[in-house]
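**Q** Now for the letters of each chain:
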Amino acid sequence: MFSLDLLLNAVVAGALLGGFYAAVSLGISVTFGLLDVVNIAHPVFVILGAYTAFTLNANYGVDPLLAGALFAPVFFVLGVVVYRVYYTSFESKGEGSQGGGLVFFFGLLFIVEVGLMLKFGVDYRLVEAPYIGESIHLGPIGLAYRLLVPCAVGLLMTLCLYLFLGKTFYGRAIMGVAQDSLALRLVGADPVRVKTLAFGISIATASVAGALLIMISPVEPSIGRAYIGRAFAITVLGGLGSIGGTLTAAMILGIAESLTSTFSGPSWALAVSFGILLLVLAVRPAGLFGR
Amino acid sequence: MSVKGRSLLVLAVLFLAGLFAFTRFVENRYIFFAAYVVLQYIVLATAWNILGGYTGYVNFGTGAFFALGVYSSVFLIQMFRAPLLVQIATGGVVAGLLGLGLGYLTLRLRGTFFSIATLALAVVLQTFVINWEYVGGAKGTTVLRPAHAPFFNNYIEFLFMVMGCLAVGSVAIAWFIEHSRIGRGFAAIRDNEEAAECTGVPTLKLKLLATTISGCLMGVAGTPFPYYLSFVDPDSAFNLSYALNSLAMPVVGGTTTWLGPVVGAVLLGTAQQLATVTISSELNILIVGVVLVLFVVLAPKGIVGLVQQFVQRRRA
Amino acid sequence: MKRPWRRWTVWGAVAAALVLTLALAGNWAAMAQAPKPIKIGFGMALTGGLAANGKAALLAMEIWRADVNKKGGLIGRPVEFVYYDDQTNPATVPGIYTKLLDVDKVDLVVSGYGTNLIAPAMPLMIDRKLMFMGLFGLANNDKHKYARYFQISPNGPNAAAAFSDGFFELAMKQNPKPKTVALVGADAEFPHNALAGARETVKKIGLQVLYDKTYPPNTVDYTPIVRAIKATNPDIVFVCSYPPDSAGMVLAAHEVGLEPKMFGGGMVGLHFTALLTKLGPKLNGIVDYGFWVPEPTMKFPGIEAFLQKYQPDAAKAGVDPLGFYLPPWAYAMMQIVGDAVEGTKGLDQGKLADYIHAKEFDTIVGKVKFGPDGEWAKARTITMQFQNIKGTDMEQFRQPGRQVIVYPDEFKSGNLIYPYSAARK
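Protein chains in written order, with my numbering: chain A, 1 to 291; chain B, 1001 to 1316; chain C, 2001 to 2425.
Bear in mind the hints are in silico, worked out from the structure with no lab data behind them. It is possible that some hints are incorrect.
[Claimed, not checked] Calculated lysine-lysine pairs in the BS3-like style (CA-CA distance at most 27 angstroms, straight line): (1) C/K2378 - C/K2367; (2) C/K2071 - C/K2369; (3) C/K2039 - C/K2345; (4) A/K119 - C/K2309; (5) A/K119 - C/K2316; (6) C/K2282 - C/K2179.
Turn these sequences into a full structure, and let the hints steer you where they fit.
**A** Put into structure tokens, the structure is as follows:
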């Protein structure tokens, strides 16, 4: 059944998926990769973003992408609040409370998930947009808009974040804060403010990622759990602290899943991605592009 | 053994006797089902804490070890109709081996990397089980309980007693570790692994011991599960709530001693069992989540820590 | 007399005590005369993966309870429900049912929704010799062979095959006859079972299997799967899936341009309002299983009245507003329980079970007759095809002609449009 056509399409589909995975993992790449905060609740914020996009789309006919962008500032504020609580309770108390931080985010995960269940019920929700369900064909390769648009947005988000982190003062401050907060103070940036900013940005990305998610497939409150592993795997695989690494890792994972699905059997797709992760961790724990 | 040790031993024996008396006098079967779950969580929380609280390696993959115990039992039941004791022993050995493998992984992975790896492990294992037709695969399998239990009126009381013994056993192991050189070695690793290595602590051997014991006990907790539920499917065996609870209970109770996981398991476990049959709606899960977050933010040393603080203040 | 008021006080107190006692006794007597309610206990998925259906089922059961109590209850006693959320987690089930039986002391029990939530309760039911009604469980009684178990969905004695028999029988009647088939489904309980049934059917008929794979339920993108299927160029594509993957497969098939001669199978969720309205015309031509659809051939007595009551409440409660899939069956299940209680004039579990085995019931989903293993004596799963869906408006689905029954002949309300591509024009 092997054909070049099939292979090409599988790779392309995997890359498109990878772009989307990158969008979901960017938040974790920032918080875990740069701030060393293990925010396992991030996927549930993505789901929250999916629901806010759904609400605007279902009630006012707003395009999901627009909805995601509109809500980003709101999510930013939410991120700031969450980080403040986390900081006061754990980080300011020193190293030993890592486990506590983990449990905090675990608890937060369940609280948000149940909150969504109470508000929206457990029926699957989808969004409507004119381009969902259509595809374009470039020669033998078919590209569904439903996946193309999220991939494009994911790439755009990665680029923006990369530029922000590399070229702006606060961006560079974020990159530096985990490594050397003293040096940071010396150049006039308050480490706590910088970290708060970074966390806020990461949750803001969740708003957009959520809009992308609900474009691709129906959403209900508990599907976030499937993404916890994927997002962390991608961040670690790419290397902590590297945004470009995250994108690369997301692509690799997406393509690996797609190839396994197409040729050997979808059952093993997820296991293959995690297998890759375990392999990389065993051979090179710093990931592909980590410091 | 010290005075404290001896008095704890007496307490343990009294506890088991009490459980036994319970089975003789209590008619209401509901208590046994509910208490079984709480006892099971005592084992899981204690097991988790040996690796997480004592040694400082946070394990997200409790589900993998628990399910390994569950499915090794299912396999033995279907293949040989093996008696429960054999199932427990085998489950413990298999899960212990997985723990050993995980221990070797720590050579390369510290801190959160280790935790992510445990998550990955759970996913890979679940995929294998889903594709293993003999034990039911994705659709699960029905397990017929034996008709008669030795010494007891019905099988659930027997399982309840067995789980009680397992709980006492695991707590005893934790107590033993805590009061031995091994425990001090674990604490050294938790506080600063590099420093420990430099001062000659055999960190690799200790880590292997921690992961193996922890994994073994988690697997053992899972072995009576097929008979308890009489139905097993990957979703319930690998359920995320096991990972959540086995982590939350020690944290809420207190991670530095054997008592913390017990307190956390009894409190959270009982609360959840009660909530299931009273509030019984999404609010149930919401409240558990809120309690968890409140505790971890306001009382990070757990309940044991709170009590210790209180006692110290009284003394001062 | 030194203190005459003292005597009055004593006599007054005695009189008051007498009056109070009489009043209490009278009240107690009155209460003892009031009919003790009949308590029916169950666990139900109100949170978790199956909650969308679980909540809808609960709503239907409450409607039944209101209907019954309006007519004076069962054997003159009002009906009460005692239920707990099983969280779609099988591990909660034994605890819930022992609480219901030993602490709440319910008189009757029915099951929660779904195979996995029924299974853990079986040993308890067998142990206590209780009559147990199951709501949409597949093969729960195969190993136990318990005589007091019944199951309401019309799968019949060979449940797994019920989802594919009609489909393939229809396929083989078409001209030109299809020769090849692709089987695909989710790694989960129902799809696994249904696919197993399909494999047997396919072997019997002699179709060549070109593709036979499963996917994990949380797959995000179905495009690679659909492409791989398309590459094998099968005549028939048979899919067994749960709601999110049903939607995913339909969307992916549409995008990739998969057009076999027949497409469909055991795709759960395509009947849910959310997917009906969101997928709309993309569903045209898909052949799916069904239990009840609003076609003229299935206008059983009472179904319209039920839907009139259910639909406004459902919209308010945030569950499936059309309610064609599970709710009528939850109601019918309770109808049978109620009928048995009235028929045996009591709550004896053995008599109830015998009565239910013996009788053919008239319910809002038609005539129901059980076989010795508790399943329907004869399968009545229908095969339907989505046709004539235009746009995404919900109201069109209330009308017949959108979910056309094409098999069996007994309920046929239209012809199969074959090949699949013809239905999509």
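**Q** It remains to establish, for every hint, whether it holds in the given structure.
**A** Okay, the hints, checked on the actual structure:
{"no.": "1", "hint": "C/K2378 - C/K2367", "verdict": "holds (11 angstroms)"}
{"no.": "2", "hint": "C/K2071 - C/K2369", "verdict": "holds (25 angstroms)"}
{"no.": "3", "hint": "C/K2039 - C/K2345", "verdict": "holds (15 angstroms)"}
{"no.": "4", "hint": "A/K119 - C/K2309", "verdict": "holds (24 angstroms)"}
{"no.": "5", "hint": "A/K119 - C/K2316", "verdict": "holds (13 angstroms)"}
{"no.": "6", "hint": "C/K2282 - C/K2179", "verdict": "holds (25 angstroms)"}
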